[in-house]
Amino acid sequence: MIRVENLNVTFHNSGRTMRAVRDVSFAVAAGETFGIVGESGSGKSTVLKAIAGLVKSSSTMLAVNGREAAERRSREERKLMQFVFQDPYASLHPRQTVDDILREPLIIHGSNNIDDRVVAAIANVGLSPLHRFRYPHQLSGGQRQRVAIARALILNPPILLLDEPTSALDVSVQAEILNLLSRLRQSYSLTSILVSHDLAVVAHLCNRIAIMQLGQLVEIVNAADLRTGRVQQDYTRQLISASRGFTRAQA
Amino acid sequence: MNQGLTQWLMSEAPASRRQAVLGSVYRGLVAIISNPAALTGLVIIAVLILMAMFAPWLARGMSPIEQTLSSRLAPPSAEHWFGTDELGRDIYVRTLYGARVTLTIVLLVSVVVAPIGLAVGTLAGYLGGWVDAVLMRITDIFLAFPRLVLALAFAAALGPGIENAVIAISLTAWPPYARIARSETVTIAKSDFIAAVVMQGASTWRVLFKHIVPLCLSSVIVRLTLDMAGIILTAAGLGFLGLGAQPPTAEWGAMVSAGRDVILDQWWVATIPGIAIFIVSLGFNLLGDGLRDVFDPKAS
Amino acid sequence: MSAPLLTVEDLNVSFPGRSGMTRAVRNAGFTLGHERLGIVGESGSGKSTTGRALLGLIPQPGIVTAKRLEFGGQNLLACTESDWQRLRGRRLSMVMQDPKYSLNPVQTVREQIGETCRLHLGSNRKDADRRALAMLEAVKIRNPELVLHLYPHQLSGGMGQRVMIAMMLVAEPDVLIADEPTSALDVTVQNEVLRILDDLVRERGMGLIFISHNLTVVSSFCDRVLIMYGGKIVEECAAKDLHNARHPYTRALIAAAPSLDQPRAELATVTRDPEWLT
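Protein chains in written order, with the numbering used here: chain A, 769 to 1019; chain B, 6 to 305; chain C, 105 to 382.
Isolated chain A (complex conformation):
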């Protein structure tokens, strides 16, 4: 479904160049949930944004659904994948109601029966019809993230890109959103890539997981191996032990 070969992203910032992503290659099969974990500065979100076409990248191959994805995406290509952002406070337009936000993609793509689809989308992510005409500031963090998920799914994209969708949320709200994501993944037969710094979240939702460090892909392991610690690289091992919590008697 998604193939990435030798993906590179370089940022130029006031004369300095930074290679945020170096020669990253992986493939995601249809219906799979692929995870990318790493610490800050590992380039994990940048990989996701490069696939989405939100940052400039170069690669020997970046294919989505068997077709090469161009730098500039057409409106039809945009329908293939949607993005859910980390910060539910920054990803909704502050002066638009939930209704406005959900109608926008339907208007852009000239869909019909817009009202019905908005109502259905709101119900689908577990929001009440009462939320439809509220502004983002009238919603809680979890409700906002539900709106963002509804917006991403309203065009029925086959691919969903999730950039730390729960890291700004409380544990109990995170559980609700993760449950929602795994339910939607099944009912829409979505292919998705989940980026997170939290190993437990990624292991919970994903089949295979890529570990990234300083812009490079360290290794790809499956969730069961990650849980049992059957991994090749020292960095991965370090990450797993750190995620298990603090250990006092460590040299």
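Quick caveat, the hints were computed from the structure, so don't treat them as lab data.
Accuracy of the hints is not assured; some may be wrong.
[Stated by the list, open to error] Selected chain A positions facing chain C (in silico; Cβ < 8 Å):
no., residue
1, Leu898
2, Ala971
3, Arg1012
[Said to hold, decoys possible] Simulated pairs of lysine-lysine, DSSO-like, Cα-Cα distance not exceeding 27 Å:
no., chain 1, residue 1, chain 2, residue 2
4, A, Lys817, A, Lys847
5, B, Lys195, A, Lys817
6, A, Lys847, B, Lys195
Bear in mind the structure is a predicted one, so any value in this text is a computation, not a measurement.
From the three backbone atoms N, C-alpha and C, an ideal C-beta is built for every residue, glycine too.
Starting from the known structure of chain A, fit chains B and C onto it as the hints suggest.
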């Protein structure tokens, strides 16, 4: 009934698009009205508009341009509330009609300045690259023009008059708006909700006009109201120099200028239009400050 | 255990709002000895407000009341602003979540740590430098002479948090309140910072209040844990017994977190019971 309406407007769970929009407008109005400075400004501007609209009725049958040389430079009295000028015209009536000229200038300048500033600023900020460089250099060039000198040049080329004064003011007034709009756009363009509409396939124009411009609008409006005092003063200054509205049109700046020669003996001729300029400038400033508080997202 | 460093009884913090008083902390009571005490809760649980109340940092118009609020025999409720200034930073200190916002961006590390030394210890310049260097070494900064002359923006997140801890500890306080000190940091860096705090508690006999939303970190790092919900302390237990917690909220919170050890098909969600607040 009012109780029910207020509740309907303030509802945290609006049931229709219309209720949501009206609700947010109502909240804004409440915020302005509960801010004493903004309310004062709003009242002053409302009075100015009413004065301009009903000038012929409020003038008690007098004309602003008809000369009565027999009663020239008469002090304030029951017949001439604010006295008369050197040609025997009633200053109260001329001040009333002067509000029309001032409002025209305010309106024309806003209509020209805000759209140009917004368009240049948001385009430069969103597209970046060479478009940004070219547009912002043009902005710098216009910013460098001294306003009064440009107005003098216009008056020399096209003849003095209120229209040319407005053109001169507008040409030199839009660059700060372009700068505000640009810096806001640069921040907004980086935010996730813009990336989200781009991901949905929205065209550049749609992103600009439907998603970015509405967010820049509030700070442009605030700046415009705050600048209005300066614009009124510039217009008055041009009138004072004889480059604005031409006689016999009643214009506050020109009226102050006419009263200059007799200011020691007949103080009211220059003072009354001067007070009018002062009050209206103050009104716009107060309203601008209030609007800034209302629009400031950190406050709510 | 010897006499507690800090005794809190019936602490209440309320903020007047448009719709009456908001009770941010309700009847909280606990003691702190020479130990690591964790306070866990979700946003709005009152955990940070509790920490701030102990330092007299509740902003106006917040109202703080308590039956007892004592620190080393001193009644904190009767403290005047100048009493607070002598206590804060000298004997009671606080580390905040994000070093980016808590360090002064236009002062070097040396100036900032030096300021604390001069203010609380009456140090001269030479003495302040000596103390700053020793403290930076204590928080495991590899090149203290170099770091001393850096500005906050030149420090990485982990380094900034260590500098922050150094600054707060240079006056050798008896109690340190750490409000989410590691939440903005990467997991690997997080554990290094925790180790530094751990050493300081053991070596200096300091009391530490560790406020966090992260159950894994708190249960593995602290000795004792308070769980807060809606401003109330709903449960208190030894950190190692957290997985056997009795209160339904604590249990729900543990069940809601995805675990690396036990795969779950679906995460439990928290059903809130209004009775928890009574």
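Now the hints, each set against the structure:
The closest approach between the C-beta of Leu898/A and any C-beta of chain C is roughly 19 Å, which is over the 8 Å cut-off, so the hint fails. Here the hint on Ala971/A is kept, as its CB sits about 6 Å from the closest CB of chain C, short of 8 Å. At a threshold of 8 Å, the smallest CB-CB gap from Arg1012/A to chain C is about 7 Å, leaving the interface hint in force. Between Lys817/A and Lys847/A, the direct Cα distance comes to roughly 15 Å. Compliance with the 27 Å bound is thereby established for this hinted pair.
A C-alpha spacing of about 13 Å is found between Lys195/B and Lys817/A, which places the hinted pair at or below 27 Å, so the restraint holds. Simply put, Lys847/A and Lys195/B have alpha-carbon atoms about 22 Å apart, close enough for the 27 Å limit, and the pair holds.
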